[in-house]
Structures are given as C-alpha cells and as structure tokens.
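Enquirer: Top to bottom, those sequences are chains A and B.
Each residue of the first sequence is one higher than the one before, starting from 1128 at the first, in the numbering used here.
Each residue of the second sequence is one higher than the one before, starting from 102 at the first, in the numbering used here.
These aren't lab readings, by the way, just hints derived from the structure by calculation.
Treat the hints with care, since some could be wrong.
One side only, chain A facing chain B, incomplete, derived with CB under 7 angstroms [as the list claims (entries may be wrong)]:
| id | residue |
| --- | --- |
| 1 | Arg-1168 |
| 2 | Leu-1170 |
| 3 | His-1172 |
| 4 | Leu-1175 |
| 5 | Ser-1227 |
| 6 | Lys-1228 |
| 7 | Phe-1231 |
From the three backbone atoms N, C-alpha and C, an ideal C-beta is built for every residue, glycine too.
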Amino acid sequence: SQQGEEDPQALSIQEGENATMNCSYKTSINNLQWYRQNSGRGLVHLILIRSNEREKHSGRLRVTLDTSKKSSSLLITASRAADTASYFCATGRLYTGANSKLTFGKGITLSVRP
Amino acid sequence: DAGVTQSPTHLIKTRGQQVTLRCSPKSGHDTVSWYQQALGQGPQFIFQYYEEEERQRGNFPDRFSGHQFPNYSSELNVNALLLGDSALYLCASGGVFRGLETQYFGPGTRLLVL
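Chain A on its own, in the form it takes in the complex (with noise of 0.2 angstroms):
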C-alpha cells in the first residue's frame, strides 16, 4: 500500500517559473523525504525533512512539512528543462535497529517546456 499520495498527477510548466508539488500521508512519520526519477532510472535523494522541522531549504528547492496537516510541499524555483523528471514524495518510519522504511506515493510527472 502506498502511504504518499502527491498532487498534482502531471505539472507542465515553463522554464524559468516555479513549480509546487503537494503531498499528504496517512500516518505518523518520523521524516519525509523527496526524491527525483529520470526516465524510469534510479531515485536522486533531493531533500529530507524530519517531524521537528517545519522548512528546509537546498539550492533551489524549498520544502514545507506541516504534520499536523499531514502534508508537505516541494518548491522548485527558476525551474530549467533538466528539472523534467518525476518527483516522489516517502513517508520515513524509524524502526530500533534498523534505517527508514520508506513509503512512496505514485510521484508527479513534471515537464518544463523550453
């Protein structure tokens, strides 16, 4: 079962706006973590964020995680062509001896138009 469920399914954008991606999640969570998949290739960690924190910033992504809402939002800002790609959103659940289970909602496919 998939705990994530991001929104919207599909964002098409131009270069150089910002893109905002949405996800919420069932349960209680212990981090959130975004990821970033080219062409059905390997995930790219972009940035995690844990239950304590509210925004944490990378570079030109800018994530928001309000757990009493049970949602968290990705902002790319000055998007480029190579940010096409799909952008998963998982729910971490820290386990005694053990890393992360992660849950993954279906992603959202993002294109950015030259």
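Take the given structure of chain A and dock chain B to it, following the hints.
Expert: Coordinates of chain B only, in the frame set by chain A:
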C-alpha cells in the same frame, strides 16, 4: 566515492524461473533495502537488511528472499517468477550506526518476465 551499484542492469526470465539481483551499498553504509517499482507506480518496500539479518519486511510473499554479506552487499532472490514480477528493482543503502536517515538508491535492475 562510489555510490550504490546494482547488477545486472537488465534481465529477461521466463515464468517459473529464479533470479538473483545484487547490490553494493554506498561506502560507509551498513543497511540495504530493496524496493520493487512497477511501471507508472512508486517504489514498494520489499525488505531491509542490517547486520546480515532481515530487519523489516513489506507485503511480499516468501518467494522474495534476500541476504546480506559481511561486506554489507546484498542479494535479492525471487523464486517461481510470475509475469507480475516484471518491474524495476531498486536497492537503497543507509547507515543505522551513523544515524543516517537518508537512503541513497542505485540505478536499478529492470526485470522482464515472459
């Protein structure tokens, strides 16, 4: 510093056969997780290995089994292959000992079952 590596990159098998996929984690990482990604879906957690033991398992049948070696590398075995096992299999590594919550993914192995 090599990232997560997986082999082979592609594989074609027929129903009923068995397959073994391999993964070497990122240097300094001690956990390996395996995910299955069907076409158009997000990755689904299969299981995670740490200290050569299976620590967590997702909703996958016993046909899916694994192993972790002393050098932290891992294998995923799938017996009695079904057509529905066709997918991209992703390996991710992280570090429990070092408290590394971020998981880094390999490029994946694309399995086609005919």
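Enquirer: All hints are to be evaluated individually against the structure, with a verdict given for each.
Expert: Hint check results:
| no. | hint | in the structure |
| --- | --- | --- |
| 1 | Arg-1168 | 6 angstroms, holds |
| 2 | Leu-1170 | 4 angstroms, holds |
| 3 | His-1172 | 6 angstroms, holds |
| 4 | Leu-1175 | 5 angstroms, holds |
| 5 | Ser-1227 | 5 angstroms, holds |
| 6 | Lys-1228 | 5 angstroms, holds |
| 7 | Phe-1231 | 3 angstroms, holds |
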